[in-house]
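Number of protein chains: 2
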Amino acid sequence: MTQSQLLPSNFDEFLDARKEGFIAAKEFKENGGRIAGCLCSYTPLEVLDAAGFAAIGLCGIDNETIPDAEADLPKNLCPLIKGTYGYALTQKCPYTYFADIIIGETTCDGKKKMYELLADLKDVHVMQLPQAQNRSYAKEIWREELRILKQTLEEKFQLTITDEQLREAAEKRNRYRQAVTSMYALQKNVPPVLKGTEIMVKLLKGTFHFEIDKVSTGIEQRVIEAQKAYAQGERPVHQDEKRILLTGCPAGGVIGKVATTIEDSGGVIVCLDDCSGVRTMKQMVDTETDAILNAIADRYLRIHCSVMSPNEDRIENTMEMAKEYQADGIIEIVLSACHTFNIESERVRRRAQEMGIPYMQLETDYSTTDVGQIQTRIAAFIEML
Amino acid sequence: MTQSQLLPSNFDEFLDARKEGFIAAKEFKENGGRIAGCLCSYTPLEVLDAAGFAAIGLCGIDNETIPDAEADLPKNLCPLIKGTYGYALTQKCPYTYFADIIIGETTCDGKKKMYELLADLKDVHVMQLPQAQNRSYAKEIWREELRILKQTLEEKFQLTITDEQLREAAEKRNRYRQAVTSMYALQKNVPPVLKGTEIMVKLLKGTFHFEIDKVSTGIEQRVIEAQKAYAQGERPVHQDEKRILLTGCPAGGVIGKVATTIEDSGGVIVCLDDCSGVRTMKQMVDTETDAILNAIADRYLRIHCSVMSPNEDRIENTMEMAKEYQADGIIEIVLSACHTFNIESERVRRRAQEMGIPYMQLETDYSTTDVGQIQTRIAAFIEML
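For the protein sequence lines, the chains are A and B, in the order given.
Per this note's numbering, the first sequence starts with residue 1, numbered consecutively.
Per this note's numbering, the second sequence starts with residue 1, numbered consecutively.
If you are wondering where the hints come from, they were derived from the structure by calculation, not from laboratory data.
There's no promise every hint is true.
Identical chains share a label here; the pair holds if one copy fits it or two copies do between them.
Claimed, not checked - SDA-like, lysine to any residue: derived pairs with alpha carbons at most 20 Å apart:
#, residue 1, residue 2
1, Lys-122, Glu-154
2, Lys-214, Ile-148
3, Lys-205, Ile-224
4, Lys-19, Glu-30
5, Lys-75, Met-360
6, Lys-242, Gln-353
7, Lys-205, Ala-24
8, Lys-228, Glu-116
9, Lys-75, Arg-350
10, Lys-122, Glu-288
11, Lys-282, Ser-216
12, Lys-214, Thr-181
13, Lys-242, Gln-91
14, Lys-202, Thr-376
15, Lys-228, Asn-189
The following block holds chain A by itself, in its conformation from the complex (with noise of 0.2 Å):
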């Protein structure tokens, strides 16, 4: 089994844009543009939205340069982390090796310590994250951090970002953050209007775009289309699928190994729940606030990742989407040495069973070694369903 017999079938749509976008990249940035690598859903893109960079997107996604990168890092180490670390030693990311400046924060143990080793590759500039929300400083040293990164980038490229600036990239974000909540929502009709995958793989190609604003007309323009077609009575998903929750760790570099397996094995994936998912993209900025940098640090402390603790919200919040989409079951993956997600997910489980929704956690990463069994446990997960 390859990794390319996983994919799903628009996957090459993706894999084009990756394609493009290295061309695109270096167009970029031979006119002028500046790029700025993000790593984290934390990251507060308005600030560099403001500052005219564009915001790439770095997670490593697939298993290329894992050998490479475990020459510095540890093998017991999770994937993503891996993945991004080795595509900047190998320069083979041209969105990394055309970037100006990566963005970092101090969320979980495997990326704050590896931006360490990654400063000797690239310029890295790393955000303190508060530990947990629940501290009455939590949300002055968060908008602090959002102050220095500012000034940072101000003093760093000799430029001036004003609140004008700040307001107008929020009002962009909220609408792409609007866009893809749209899209989501298609997914409570029964039967779901989309494939689960094809809003992954779509959401996944956005976040290689330098124009937020193109992404979502994108966006908006297919939720049209595929509202209408569903007005017309297609049905892309048989009503008997069964309906499933993907939380847990960031899904991207598993599209292929879970979700397709899912929607292969009987199985839509009716929401996303990982930090790209329902519980994000519906956190906006308030854009009629005065202080408009505090609103954007204020909105992005909200977001809800394992590694805050205490993290109840995320857990109640990902129960609660359980019955607005109606799930039938819940699957969590766990990326390989995620400790957070991994730790956390005894409680989703223990959740889980309380409200009496089926639940299965998946430990696995990029390679292709357990795709049979991952394949064989969702298969008998969703035929329990």
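With chain A's structure known, arrange chain B on it following the hints.
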């Protein structure tokens, strides 16, 4: 090879202390004493001392309850964390069992998320450690965390913690640190005054004692005795033994597997550089300061653990210690799945190479499965020095 065959000759002394501790814990509680369980060198012990608690180290240091812990926690997690949780779950550790409260810190991902599960079993208070020391607000938020701890203890246990009590506690803890530092300093001699394993076991034993002053007295007496014997020509360590600096993760759980093996293979541990080692113990509280709680907070924030990022000072300190203690080589212990020390070890390795100091990293856990491999690697490393 069983675990007991691997233990240093004075390990029985430690086991006896633990057994006695079990009985002592019960009596201590029956006489109205209170126990606070601690897991980390960042725990501000003075606050617990001042509140009248006996602060006891609860870090899991053996394999016994790890299989039980793995029912709730991932297999791929640091043995110290699994062991700690396992002892709470199985109620096999009287210190954990009798603890009125457990004080945790958001140090590493594994611990901070484990505490969420531990809180279902025991009363746990988690302090939020800043992600690094290099922010202007870091000191202030850590001081705030100490105020929150103080207030929590006062409210929960209906007591008042005075500055006088805090100052007295700091003086006692400083005395202990001074005693430990003097014991460590014995090893600067060529040949060193003591076996490194004797020091490690003696200090580990002290962490299960209820009265810090008695522990300090015991250490001070042993230092005087050892100095006297050395002056009279006693040489418990041969001058040809290779001088090893032991750094990395907490070594308490691998004294048998690693430290004893080093000293049975032609080496001697002259410098202990883990979290109970020189780098932590030489940090004193400034007891002359008016705001004593702040002074205590500031002392703890100066500790260099790999959970901090950046953490240059730890690496530089290790190199200085290697020179000061005339180390022939550095051995770094990484407990399985400890991402922060594991990733940071690459930078320690590079720095040691620059300094021309032979370096070896050992990734291990509390099991006996890799004993043969560890012994072979240590013997080969020491032979090469």
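Is it within, between, both, or neither for Lys-19 and Glu-30, if the alpha carbons may be no more than 20 Å apart? within (17 Å within a copy, 72 Å between copies)
Alpha-carbon proximity context of Lys-228 and Asn-189, limit 20 Å: within (13 Å within a copy, 83 Å between copies)
For Lys-228 vs Glu-116, is the C-alpha pair at or below 20 Å within one copy, between two copies, both, or neither? Intra 50 Å, inter 46 Å, cutoff 20 Å: neither.
Measure nothing new, just compare the shortest in-copy and cross-copy C-alpha distances for Lys-242 and Gln-353 to 20 Å and report within, between, both or neither. within (18 Å within a copy, 56 Å between copies)
For Lys-122 vs Glu-288, is the C-alpha pair at or below 20 Å within one copy, between two copies, both, or neither? neither (36 Å within a copy, 45 Å between copies)
Up to 20 Å between alpha-carbons, please classify Lys-75 paired with Arg-350: within, between, both or neither. between (30 Å within a copy, 18 Å between copies)
When no copy is specified for Lys-214 and Thr-181, does a C-alpha distance of 20 Å or less occur within a copy, between copies, both, or neither? Answer is within: at 16 Å inside a copy they meet the 20 Å cutoff, but 63 Å across does not.
Using 20 Å as the alpha-carbon threshold, which applies to Lys-75 and Met-360: within, between, both, or neither? For Lys-75 and Met-360, only the inter-copy Cα distance (17 Å) is at most 20 Å; the intra-copy one is 25 Å.
How would you label the pair Lys-282, Ser-216 (within, between, both, or neither) given a Cα cut-off of 20 Å? The answer is within: 15 Å in one copy meets 20 Å, while 57 Å across copies does not.
Tell me, please, which holds for Lys-205 and Ala-24 at an alpha-carbon limit of 20 Å: within, between, both or neither? Cα proximity of Lys-205 and Ala-24: one copy only (14 Å, versus 63 Å across).
Status of Thr-376 relative to Lys-202 across identical chains (alpha carbons, at most 20 Å): neither (27 Å within a copy, 52 Å between copies)
Cα distance capped at 20 Å. Does Lys-214 pair with Ile-148 within a copy, between copies, both, or neither? Neither: 29 Å inside a chain and 48 Å across chains, both beyond 20 Å.
When each numbered hint is compared with the structure, violations occur for hints 2, 8, 10, 13 and 14.
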